[in-house]
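Following the hints, position chain U against chain Y.
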Amino acid sequence: MKLLEILLNGLSMGAIYALLAVGFVLVFKSTGILNFAQGELAMIGAFLCFSFVMTYGMPYLGGFVLSLFLGALIGALIEVVFFTRMVGKPLFASIMVTVGLAGVISSIAGFIWGHDVYSIASPFTNKHLGIAGFTISSGVAYTILTSIVLLIALLIFFNRSLHGVAMRAAAEDPDTAGLMGINVNQTQMIAWAMGSSVAAVAGIFLAEQSFVRISMSHYGIQAMAAAILGGMDSVKGAIIGGAMLGIVEGLAANYLSGLAFQGFHFGDVKEVAAFAIMIIILMIRPRGIFGKEKVERV
Amino acid sequence: MAQEIYTTYADELVLLPNVWVRVWSALLVVILVCCPYFLSEYQLSILNEMCIAVIGAIGLNLLIGFTGQISLGHAAFLAIGAYSTALLTGQFQVPFLISLPLSGFIAAILGMIVGIPALRLKGLYLALGTLAFGFIVEYVLFHWDVTKGDLGMSVKHIQLGSYTIKTEAQYFYFLSVISALCVLCSKNIIRSKIGRSFKAIRDRDIAAEAMGIPLAKYKIMAFGLSSFYAGLAGCLFAHYQRWIVPGSFDISVSIAFIAMIVLGGMGTILGSVLGAVFITGIPHLIVYVTDSLKDTYPSLTGLIVDFKLGIFSLIVVLALLFEPYGLVGIYKRVKTYWVTWPFRY
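Residue numbers (our numbering), protein chains in the order written: chain Y, 1 to 298; chain U, 1 to 345.
One chain only, chain Y, in its complex shape (with noise of 0.2 angstroms):
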């Protein structure tokens, strides 16, 4: 039964984990850019959570679904101030400019809310579901239903809806696309603002498993190993590297934290097991498990 517990609480991690990828693969797939600062969106969408439910007095699902727009119009407002911009530059620029705003973000944020912790009370606070003989949280089972219901509902926009076509075709090739009628520009900003909501959402089960806190951010960097995993092109991908990444890292905290080998102590192995993935990733299959083998043409 401990095992089966590891593994659901993995899992729940985990779906904040595919969440958090997710965002980073709509980025990518759509403008070519991986956002680092997709952490620090999924903890302003937290504390904008935080703020209208406690310091406003929202009722939670109102406080939920505001954050979640207000992340996307974050989003867009992103791409149209900086990234219109950032077209034709080198990669190197584009990608400092997201980790650049990654600290502006947490600056922003640490000005406006401080740097202290707390807690979002959620319906879900301190309630326990009993199924088939063990309980778990129901905050828990909450994030892993949500997370799963969105993640197939993003899945089949993108295989299924024209807009999900339209967004793959200007991944693919922004300037066919654009001939073929086409928004190239709308769309990338759609992709933007999809990808910071999916953040918000992350963000907000986050702090509904731990605290709402501007360090939160970090688990960004964390879910770019599963998005890695995954493949960066791939949406199922995501999803699966998130389940994974989340269940080795509790299998990690819980089997090898407590371990020594020669005077050094694995402590809290949790928060490198992703970064050691991400390496060993980028060493054997650079491309993921989903991904596609970028062919360059000179």
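Do not rely on the hints blindly, as some may be mistaken.
[As the list claims (entries may be wrong)] Only pairs whose alpha carbons sit at most 30 angstroms apart, straight line, appear in this in silico DSSO-like list of lysine-lysine:
| id | chain 1 | residue 1 | chain 2 | residue 2 |
| --- | --- | --- | --- | --- |
| 1 | Y | Lys292 | Y | Lys89 |
| 2 | U | Lys187 | Y | Lys270 |
| 3 | U | Lys199 | Y | Lys89 |
| 4 | U | Lys166 | Y | Lys89 |
| 5 | U | Lys294 | Y | Lys89 |
| 6 | U | Lys122 | U | Lys199 |
| 7 | Y | Lys294 | Y | Lys236 |
| 8 | Y | Lys89 | U | Lys122 |
| 9 | U | Lys122 | Y | Lys270 |
| 10 | Y | Lys89 | Y | Lys270 |
| 11 | Y | Lys294 | U | Lys187 |
| 12 | Y | Lys294 | Y | Lys2 |
| 13 | Y | Lys89 | U | Lys187 |
Just so you know, the hints here were simulated from the structure itself, not pulled from any lab data.
Below, chain U alone, put in the same frame as chain Y:
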């Protein structure tokens, strides 16, 4: 931007091209020699920090600006250099003059190992790999008994034979000589075959390979050189601060170094120097400004010092958006404007 066009090889190889550069360089040397006589201890300590930052920034610029390989884990190599010298001079009683190059070489070897995957990875994958490497180094430093984790390690003063470098002024002379040597070395590397190969790889690696530049060799060389410089900077940092903890080499340090080369100008040695001076100076400037405003706005002091990372990040974003060539770009533009004045071209 106006690029210098060389018509002969001799033109390209000359270090101080005209009389103005010679005069300015001589003037700089004179000013630097006189500095300790009219600056306070605090001002000298800022200059010392700048000297160390210059070495690290040149290392990163060799990798990012000249070879085009993105690294987000520069602080890790500084940490390796710093901890190497702490162990070497502390536990093994190695004299400083041997431990300084040795800690550089240890960092360089690890850098080359990190560089091996770079042969397959490009662009953002490399950024991710180096980022992960940085976090893992920080984790190892925290959890290994040898590096004493959170407690940190104490490092001795620099010992040159029987002579001990103790005061800020002594440190200033020593560090500025070392960083001047580093600038000169990097200048020479850039003017040589190695530097031209680096630039060719940055501009188009496939074309470079087609022209007979062995990519693997030069990419790994770039990583080794960059981390050698970082190791030197880390070693000097450790001896200067005399106390190192893993927290002084976290991701924000890597971002500060990137801010230096982006602000200064990528792919120029002058840019790395200018960027290092500015980025190291800005926090002290902020402290100065908030100190002078302390009486009118008492709440300001704590607030702004907190936002060092935010300001560096903002500098990176603004520089990339509006002045991709950095301070060197601004300088060249202003120069061209006055050279051709009143015509635009």
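Evaluation of the provided hints:
no.	hint	in the structure
1	Lys292(Y) with Lys89(Y)	24 angstroms, holds
2	Lys187(U) with Lys270(Y)	44 angstroms, violated
3	Lys199(U) with Lys89(Y)	18 angstroms, holds
4	Lys166(U) with Lys89(Y)	47 angstroms, violated
5	Lys294(U) with Lys89(Y)	42 angstroms, violated
6	Lys122(U) with Lys199(U)	16 angstroms, holds
7	Lys294(Y) with Lys236(Y)	18 angstroms, holds
8	Lys89(Y) with Lys122(U)	16 angstroms, holds
9	Lys122(U) with Lys270(Y)	28 angstroms, holds
10	Lys89(Y) with Lys270(Y)	37 angstroms, violated
11	Lys294(Y) with Lys187(U)	36 angstroms, violated
12	Lys294(Y) with Lys2(Y)	42 angstroms, violated
13	Lys89(Y) with Lys187(U)	27 angstroms, holds
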